[in-house]
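Undergrad: Residue numbers (the working numbering), protein chains in the order written: chain Y, 8 to 274; chain G, 8 to 192.
Just so you know, these hints were derived from the structure itself, not from any lab. A hint or two may mislead.
[Claimed, not checked] Chain G side only, calculated, beta carbon under 7 Å to chain Y, not exhaustive: (1) Arg12; (2) Ile15; (3) Leu63; (4) Leu105; (5) Tyr138; (6) Leu175.
[Claimed, not checked] Which stretches of chain G does chain Y cover? Using the computed rule of at least three CB atoms under 8 Å from a CB of chain Y, they are: (7) 44-57; (8) 160-173.
Just so you know, even glycine gets a beta-carbon here, dropped at the ideal spot from N, CA and C.
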Amino acid sequence: MLKDINIGQYIPGDSPVHRMDPRVKIILTIIYVVLLFVINNFYGYAISSVFIILPVVLSKISIRYLFKGLRPILIIILITVLFNLFLTEGEVVYRIGSFSITKEGIRMAAFMALRLIFLITGTTLLTLTTSPIDLTDGIERLLNPFKRIGVPAHELAMMMTIALRFIPTLLEETEKIMKAQMARGADFESGNFINRAKNMVPLLVPLFISAFRRADDLAMAMEARCYRGGENRTRMKQLKMSAVDYAAFAFTALLSAGVVYTRFFFH
Amino acid sequence: MNKTRNMILVAFFIALTAIGAKIEIPLPFVPITLQVLFVFMAGILLGKKLGALSQLLYVAMGLIGLPVFAKGGGLGYVFKPSFGYLIGFILAAYVIGLIVENRELNFKQAFWASIVGLLVIYACGVPYLYYILNNIMGVNITPYGAVKAGMLTFLPGDIIKILVVASLTPQIHKRIKPFIENKRM
Numbered sequence: 008m009l010k011d012i013n014i015g016q017y018i019p020g021d022s023p024v025h026r027m028d029p030r031v032k033i034i035l036t037i038i039y040v041v042l043l044f045v046i047n048n049f050y051g052y053a054i055s056s057v058f059i060i061l062p063v064v065l066s067k068i069s070i071r072y073l074f075k076g077l078r079p080i081l082i083i084i085l086i087t088v089l090f091n092l093f094l095t096e097g098e099v100v101y102r103i104g105s106f107s108i109t110k111e112g113i114r115m116a117a118f119m120a121l122r123l124i125f126l127i128t129g130t131t132l133l134t135l136t137t138s139p140i141d142l143t144d145g146i147e148r149l150l151n152p153f154k155r156i157g158v159p160a161h162e163l164a165m166m167m168t169i170a171l172r173f174i175p176t177l178l179e180e181t182e183k184i185m186k187a188q189m190a191r192g193a194d195f196e197s198g199n200f201i202n203r204a205k206n207m208v209p210l211l212v213p214l215f216i217s218a219f220r221r222a223d224d225l226a227m228a229m230e231a232r233c234y235r236g237g238e239n240r241t242r243m244k245q246l247k248m249s250a251v252d253y254a255a256f257a258f259t260a261l262l263s264a265g266v267v268y269t270r271f272f273f274h
Numbered sequence: 008m009n010k011t012r013n014m015i016l017v018a019f020f021i022a023l024t025a026i027g028a029k030i031e032i033p034l035p036f037v038p039i040t041l042q043v044l045f046v047f048m049a050g051i052l053l054g055k056k057l058g059a060l061s062q063l064l065y066v067a068m069g070l071i072g073l074p075v076f077a078k079g080g081g082l083g084y085v086f087k088p089s090f091g092y093l094i095g096f097i098l099a100a101y102v103i104g105l106i107v108e109n110r111e112l113n114f115k116q117a118f119w120a121s122i123v124g125l126l127v128i129y130a131c132g133v134p135y136l137y138y139i140l141n142n143i144m145g146v147n148i149t150p151y152g153a154v155k156a157g158m159l160t161f162l163p164g165d166i167i168k169i170l171v172v173a174s175l176t177p178q179i180h181k182r183i184k185p186f187i188e189n190k191r192m
């Protein structure tokens with residue numbers, strides 16, 4: 008009943024891309040996404056492909072993992088391509104029955120598919136090369152300047168970290184309760200939908216109660232160790248920008264200029 | 008209420024929502040996940056602010072690429088026709104929390120609050136579905152088609168989930184009371 012769960016797509020490694028400061032990686036990913044929406048012709052894609060291919064090569068991550076990231080939206084890409092291919096009006100190139108493929112349709116379909124593929128590949132690369140802890144750490148540091156307007160940067164990052172940490176624990180708990188109830192005769196796998204939903208109750212009541220109990224224990228443990236939020240906290244691992252980070256920024260600036268150029272001066 | 012504990016509870020509901028997306032009731036053709044059930048429970052048990060915060064962070068984490076959504080995560084989710092429901096979760100948790108605030112958590116309260124929450128989810132999800140299908144994916148669908156695909160097919164299942172929520176609420180509330188009326192503060 009529980010789908011097999013892969014928690015985290017992160018692939019540990021020791022490449023320059025892995026070692027980059029997570030803050031820089033997040034900012035560059037955002038810039039990359041914005042650039043994809045600036046692009047309005049295929050020259051732009053040619054440039055942005057450099058933007059994605061270089062880090063992929065440097066990170067030494069197998070292309071297989073990037074394709075895996077594309078799988079969830081494969082259907083969306085397919086539908087987009089098919090509909091654009093057949094339903095865009097223009098110069099007819101090929102005809103199948105009452106459907107016709109137009110030149111504009113082919114262009115549009117390729118353009119939309121490329122945008123989606125580039126978008127997903129780029130953001131997948133971020134999660135493939137950055138551990139969840141580094142990611143939340145980076146987010147906390149990036150949100151720090153907004154503390155002044157009342158954004159609780161540390162608390163938000165802490166909640167994300169705790170959530171990630173406890174997904175496997177609570178999942179295990181769910182499985183354990185399920186087995187315990189099955190041993191007492193609960194039936195999760197037969198009957199019609201209404202019955203199955205009803206049978207969820209003996210699973211969910213203990214699950215919620217144990218979550219509240221665990222939260223209480225954890226709060227007590229944290230307070231016993233004098234946890235009081237991010238103020239005056241010192242870190243064992245300091246985030247530091249290195250030469251790779253500065254190089255990546257320079258590289259991005261160059262490519263961004265290129266993309267903007269193709270948008271306004273090539274048609 | 009205690010600040011550290013609230014923070015942890017929000018984190019736990021993020022985790023539970025992520026798990027809810029992955030518990031599925033196997034049915035022929037359309038397997039149904041329990042995700043909305045956890046959204047409703049977040050609103051009911053955590054209240055408007057913390058409930059909505061847990062859903063907001065859940066969505067934010069998924070978009071960043073942390074693996075909490077039904078199928079991984081990542082920015083590409085924004086282009087999924089179903090992303091509107093995720094936005095709806097945030098508002099629904101808030102609205103449900105608002106309704107049950109300062110009221111006794113019995114079957115009836117939980118039921119009607121969840122019904123309103125469900126309507127909020129549809130109100131966000133269906134127009135989003137319609138927009139993405141028509142404008143991003145280029146699939147032509149009529150407004151009625153969007154309502155049919157995005158709401159009517161899910162309605163019976165969601166109502167049953169609400170009934171489960173409503174019968175869970177008094178049982179759980181009774182037993183977490185000692186944790187809510189905090190002994191230490």
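Undergrad: Next, verify each hint and record whether it holds.
TA: Quick rundown of the hints versus the structure:
no. : hint    : result
1   : Arg12   : holds, 4 Å
2   : Ile15   : holds, 5 Å
3   : Leu63   : violated, 10 Å
4   : Leu105  : violated, 21 Å
5   : Tyr138  : violated, 14 Å
6   : Leu175  : holds, 6 Å
7   : 44-57   : holds (count 3)
8   : 160-173 : holds (count 5)
Going through the hint list in order, the structure does not satisfy hints 3, 4 and 5.
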